[in-house]
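Read in order, the letters of the sequence shown are residues 129 to 726 in the numbering used here.
Source of the hints: derived by calculation from the structure; they are not laboratory data. Hints are supplied without guarantee of correctness; some may be wrong.
Computed list of lysine-lysine pairs in DSSO-like fashion (alpha-carbon distance at most 27 Å, straight line) [to be verified]: (1) Lys618 x Lys565; (2) Lys594 x Lys569; (3) Lys602 x Lys569; (4) Lys411 x Lys465.
What follows is a set of in silico ranges between Cβ atoms, one per label pair, in the way DEER data are often shown [what the hints assert, rightly or not]: (5) Ser429 x Asp353: 27 to 37 Å; (6) Val309 x Arg226: 37 to 47 Å; (7) Leu236 x Asp296: 26 to 36 Å; (8) Lys165 x Ile305: 14 to 24 Å; (9) Arg447 x Ser631: 54 to 64 Å; (10) Met198 x Leu236: 26 to 36 Å; (11) Leu153 x Arg330: 27 to 37 Å.
Every residue gets a Cβ at the ideal spot worked out from N, C-alpha and C, and that includes glycine.
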Amino acid sequence: MIRFPARARIYWLPLVAIGLFIILLFFSLLRLSGVEKDMRSNVDENMLWVITQSQLASYRLQEAVHRHAMGHTDAQPEQRLDVLYSRLILMGQGPQRRYIQALGFEPLLDDTLEQLAHIDSLLPLFLLDELPSDDMYRNIQPLLTTLNRMANAVMMEEWEATGERLDDYRDSLMQVIYSAVGILVTGLLLGLLLLWALSKRRQAQEALTQHLDHLEDVVSARTQDLEDQRRRLADSINTAPDGFAAFDATGQLQLINARLAQLLPETECIFSPGTPLHDVVTKLCQTCVSTSAVLPLHQASAQCDIELAGGEWRQLTLRRTQSGGHVMRLADITSYKTTAIALENALERERGISDFYRSFAAMVSHQFRTSLAVIDSGLQRLMRRHSGYSTEERAARYQRLRDTVAHMTELVDASLLTAQLDAGQVSSHQQPHDLIKLVRKACHLHQEALSTTRLLINVEIPPGLKTLQVSCDKALTEHIIDNLLTNACKYSRQGSPINVELSRDANGAYCRVSNQGDAIPDAEQSHIFERFYRGANSTGQQGLGLGLNIARTLAHIQQGELTLLRSTSETTTFQLTLPQVQTQADQCGTQVDKELAR
Numbered sequence: 129m130i131r132f133p134a135r136a137r138i139y140w141l142p143l144v145a146i147g148l149f150i151i152l153l154f155f156s157l158l159r160l161s162g163v164e165k166d167m168r169s170n171v172d173e174n175m176l177w178v179i180t181q182s183q184l185a186s187y188r189l190q191e192a193v194h195r196h197a198m199g200h201t202d203a204q205p206e207q208r209l210d211v212l213y214s215r216l217i218l219m220g221q222g223p224q225r226r227y228i229q230a231l232g233f234e235p236l237l238d239d240t241l242e243q244l245a246h247i248d249s250l251l252p253l254f255l256l257d258e259l260p261s262d263d264m265y266r267n268i269q270p271l272l273t274t275l276n277r278m279a280n281a282v283m284m285e286e287w288e289a290t291g292e293r294l295d296d297y298r299d300s301l302m303q304v305i306y307s308a309v310g311i312l313v314t315g316l317l318l319g320l321l322l323l324w325a326l327s328k329r330r331q332a333q334e335a336l337t338q339h340l341d342h343l344e345d346v347v348s349a350r351t352q353d354l355e356d357q358r359r360r361l362a363d364s365i366n367t368a369p370d371g372f373a374a375f376d377a378t379g380q381l382q383l384i385n386a387r388l389a390q391l392l393p394e395t396e397c398i399f400s401p402g403t404p405l406h407d408v409v410t411k412l413c414q415t416c417v418s419t420s421a422v423l424p425l426h427q428a429s430a431q432c433d434i435e436l437a438g439g440e441w442r443q444l445t446l447r448r449t450q451s452g453g454h455v456m457r458l459a460d461i462t463s464y465k466t467t468a469i470a471l472e473n474a475l476e477r478e479r480g481i482s483d484f485y486r487s488f489a490a491m492v493s494h495q496f497r498t499s500l501a502v503i504d505s506g507l508q509r510l511m512r513r514h515s516g517y518s519t520e521e522r523a524a525r526y527q528r529l530r531d532t533v534a535h536m537t538e539l540v541d542a543s544l545l546t547a548q549l550d551a552g553q554v555s556s557h558q559q560p561h562d563l564i565k566l567v568r569k570a571c572h573l574h575q576e577a578l579s580t581t582r583l584l585i586n587v588e589i590p591p592g593l594k595t596l597q598v599s600c601d602k603a604l605t606e607h608i609i610d611n612l613l614t615n616a617c618k619y620s621r622q623g624s625p626i627n628v629e630l631s632r633d634a635n636g637a638y639c640r641v642s643n644q645g646d647a648i649p650d651a652e653q654s655h656i657f658e659r660f661y662r663g664a665n666s667t668g669q670q671g672l673g674l675g676l677n678i679a680r681t682l683a684h685i686q687q688g689e690l691t692l693l694r695s696t697s698e699t700t701t702f703q704l705t706l707p708q709v710q711t712q713a714d715q716c717g718t719q720v721d722k723e724l725a726r
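Based on the sequences and whatever the hints tell you, model everything.
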């Protein structure tokens, strides 16, 4: 069983009444249109007049023949024949012929036309008195008989058709009357339904008015509650320790609290009224030093940490509301972030120290065993064959043992210095020092430690540069220069000089140490400053792979830099960069240059 909704059951009776009204009205109009069409078609196809005129024309033809036979000159039988002929031709065409055909007189009509054609052929002879009048009468008489029969048949058919049409008209009229009564009844029903609907409408309006009054009271009370809640929420937001900013569903800024201006610089420029959320996030990322992540605006919730100038940190949280807007929260996490960074650095340092000591243990174990084995074997030979060696041989073996001991001492010193660097125990006490004096002293010590005939160190200083003041720690800088000279001596070709070039510019002071030897392969150049890394050209040379790593770390401690400037088959150059200290003469020269520029 089909069940209609309550609202549909209310409207079904008016809809049925309206549908019935339309159907009855359409049916009445359709029946009246059919009657009118039938009346017009009967008038157009009325054969009674046509057959009567044809019969009358045949009698007049017979009268004209009779009068001509009596000697009247104005009888004109030819004209009467033409009139009759025209009447019969009219009956033999169009709807008249179809009507005759429906009555079954079409063969008789054709015979009549043939008889008329025969009379037409006899008429000239009759007019010339060559044909007797009795013969003419005998030829005309069948024509009159045939037309009488057709006229009687048409008359009977017209009477019967007229009766049928009258019956149809009566039935149609009664149907129209019944339809009019139905229309009247449905109109009364629709009127009653309209009055009932108006009554219901008035009752609904009264109920709606009462309901609206009640809703106004409820809305007023609810609005007051919402206003109180909004005020409490605003007070909570303004007194909250975090900063808040609200954006509507279109991404436009709606409000911010006072705490946000305290936590973030340039708040007025970033959070101006009406600024889209995307622009706010972009400006915020541009003003901060760094961010821990990118904020995806399409996600329901996103969070990142931002670093401000001065080492302060803020945690930025962006959440989507149910209405499609966004709420941004900014919290001060400087203390937490500082602690976390310190812990992370300590953990990384501990991890590095652990890795270093594991690698160091393996390397030192191998290096110490090798050195101790060399010392032990050398001493055993001296003990067994002491008297068998000449003075020169004993001196050479003693020197080899001393070199091995010195290598072990360097190994211990490098290991201790690396451990101190990892533990953060090495600090830089920077003061102004003359880099030219430091370089000359380091070169002099190397030339004293080695034979001057074996090592030639050239120090190149630009003309006019008497002093090169840099801000550095003297001991740390001497250690870096000593390491660069040691590597240059170790990997230079026999008899080739070592060039030390000093220079300066607006960015700092430079010390470049160059030697002629095998080039460092391109694949190894990015690794030579790593711990324990030794290139392919270090085969046969003593070392742990710690020197360049320590030298670069010491340069960084002094706000400097140590880089591989170039390495070709002709020369390899390392460059030490240190911050320059401007002397009083330099300041005067700079002032003079400015005055001349003006």
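Hints, verified against the model:
{"no.": "1", "hint": "Lys618 x Lys565", "in the structure": "23 Å, holds"}
{"no.": "2", "hint": "Lys594 x Lys569", "in the structure": "16 Å, holds"}
{"no.": "3", "hint": "Lys602 x Lys569", "in the structure": "12 Å, holds"}
{"no.": "4", "hint": "Lys411 x Lys465", "in the structure": "23 Å, holds"}
{"no.": "5", "hint": "Ser429 x Asp353: 27 to 37 Å", "in the structure": "29 Å, holds"}
{"no.": "6", "hint": "Val309 x Arg226: 37 to 47 Å", "in the structure": "40 Å, holds"}
{"no.": "7", "hint": "Leu236 x Asp296: 26 to 36 Å", "in the structure": "30 Å, holds"}
{"no.": "8", "hint": "Lys165 x Ile305: 14 to 24 Å", "in the structure": "20 Å, holds"}
{"no.": "9", "hint": "Arg447 x Ser631: 54 to 64 Å", "in the structure": "57 Å, holds"}
{"no.": "10", "hint": "Met198 x Leu236: 26 to 36 Å", "in the structure": "32 Å, holds"}
{"no.": "11", "hint": "Leu153 x Arg330: 27 to 37 Å", "in the structure": "30 Å, holds"}
In the structure shown, no violation is registered for any of the earlier numbered hints.
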